[in-house]
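*Asks:* These protein sequence lines are chains H and G, in that order. When we follow the numbering used here, the leftmost residue of the first sequence carries the number 1154, and every step to the right adds one. When we follow the numbering used here, the leftmost residue of the second sequence carries the number 1154, and every step to the right adds one.
Hints in this document: simulated from the structure, not taken from any laboratory. Careful, some of the hints might be misleading.
Because identical chains share one entry, a pair is satisfied inside a single copy or across any pair of copies.
Claimed, not checked - Calculated pairs, EDC-like style, for lysine to aspartate or glutamate (alpha carbon to alpha carbon, straight line, at most 20 Å): (1) Lys1160 with Glu1196; (2) Lys1189 with Asp1233; (3) Lys1178 with Asp1242; (4) Lys1285 with Asp1275; (5) Lys1285 with Asp1242; (6) Lys1231 with Asp1194; (7) Lys1313 with Glu1276.
All values reported here derive from a predicted model rather than from experimental measurement.
2 protein chains.
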Amino acid sequence: MNSLPSKVFETAVNELAKLPGIGRKTALRMALHLLKSRREDAESFGMAIIRMHNEIRYCLDCGNISDNELCSICGNPKRDKSIVCVVEDIRDVIAIENTGQYAGVYHVLGGIISPMEGIGPDELNISGLVGKVESGGIAEIILALPTTIEGDTTNFYIYKRLGSATIHVTAIARGISVGDELEHTDEVTLGRSIVNRTLYEKTIQKKNQ
Amino acid sequence: MNSLPSKVFETAVNELAKLPGIGRKTALRMALHLLKSRREDAESFGMAIIRMHNEIRYCLDCGNISDNELCSICGNPKRDKSIVCVVEDIRDVIAIENTGQYAGVYHVLGGIISPMEGIGPDELNISGLVGKVESGGIAEIILALPTTIEGDTTNFYIYKRLGSATIHVTAIARGISVGDELEHTDEVTLGRSIVNRTLYEKTIQKKNQ
């Protein structure tokens, strides 16, 4: 694509094109949309991004984003602090919260170990998790990281670091999605769903909840 | 989706979700991306949008966005000022420029007539076009608006307004895309490609250019 007829416009398009999943054509469409919108709207758009980066805080306990020292989950006395679900980022917290099935707390790593992207254990919030376990009061760690090489590596690293602690380390179940058909499921998932089969009673309880 | 654990983050996600074609999940991914990036990067992203809106100018001649009084096309002495191609917005200018087949100038309407969205002729840069034609020196107006009801309405409105002027009013050719097969083409397009068939000689000339 040729260069655009205006430098300030070009700069805005280039910045928008840096967003994940946004190509140059989509960025152009977005920039035109912002240009057509009112001046105040474009201003509040830009300021929202700048303010977010400058003012956001992280929960001292779990690493979730927060407006206060503790996030709304860690600060909730009804949540079970003895169960900690380890997730990659806040999107996973939102996804699990939306199920309404989890009453424990979270630990947000802020990423997963990825040598390709130069992310090692020190870049992640792993020491905080180990410290939390060592200081006692935790009965179970639920690993809810993605099933990729990076996710598995991170799971294993955490498992090793927690080695001496006498706690349960579990992982979220992988299996066939509810409503999916067996014949359309990939072999790895189907295999796991058989190996990790659950008691039928549990399924009934779940349905009646 | 539940509300997010941070107000500044929520505001940023809401602003990103206002972009065309961006849902809340994608906006969340974008906000996290910006949050993970360096502070300077988030700042230059936000400032680029604000600066674009405040500093951008429009070409006095054609309405294209520009850094100067005249855009780089209108300011180019090699372009043929007697042929004016009427387009909806600057994306169309970029698309036609990329073909390298057009040596005339443009007239950017800034939209098309759409009663549904409350856009009438007065909201568009149509009087400028009429004035340009009336002041003389223009031999041909090429209508390159979309083939929608709104596009057709706008075409017809412009055609009527230019009624008394002795100039050619043409429209870009609609037909089967180069490389497409006849059997997969919709009937309206195929019908038009037969009605508006072109001299075979022209096709050969095009290929040899």
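*Asks:* Each of the hints needs a verdict: does it hold here or not?
*Replies:* Taking the hints in turn, this is what the structure says about them:
no.: 1; hint: Lys1160 with Glu1196; result: both (19 Å within a copy, 18 Å between copies)
no.: 2; hint: Lys1189 with Asp1233; result: neither (49 Å within a copy, 29 Å between copies)
no.: 3; hint: Lys1178 with Asp1242; result: between (29 Å within a copy, 14 Å between copies)
no.: 4; hint: Lys1285 with Asp1275; result: within (16 Å within a copy, 66 Å between copies)
no.: 5; hint: Lys1285 with Asp1242; result: within (18 Å within a copy, 57 Å between copies)
no.: 6; hint: Lys1231 with Asp1194; result: neither (40 Å within a copy, 39 Å between copies)
no.: 7; hint: Lys1313 with Glu1276; result: within (17 Å within a copy, 66 Å between copies)
Of the numbered hints stated above, those contradicted by the structure are hints 2 and 6, listed in ascending order.
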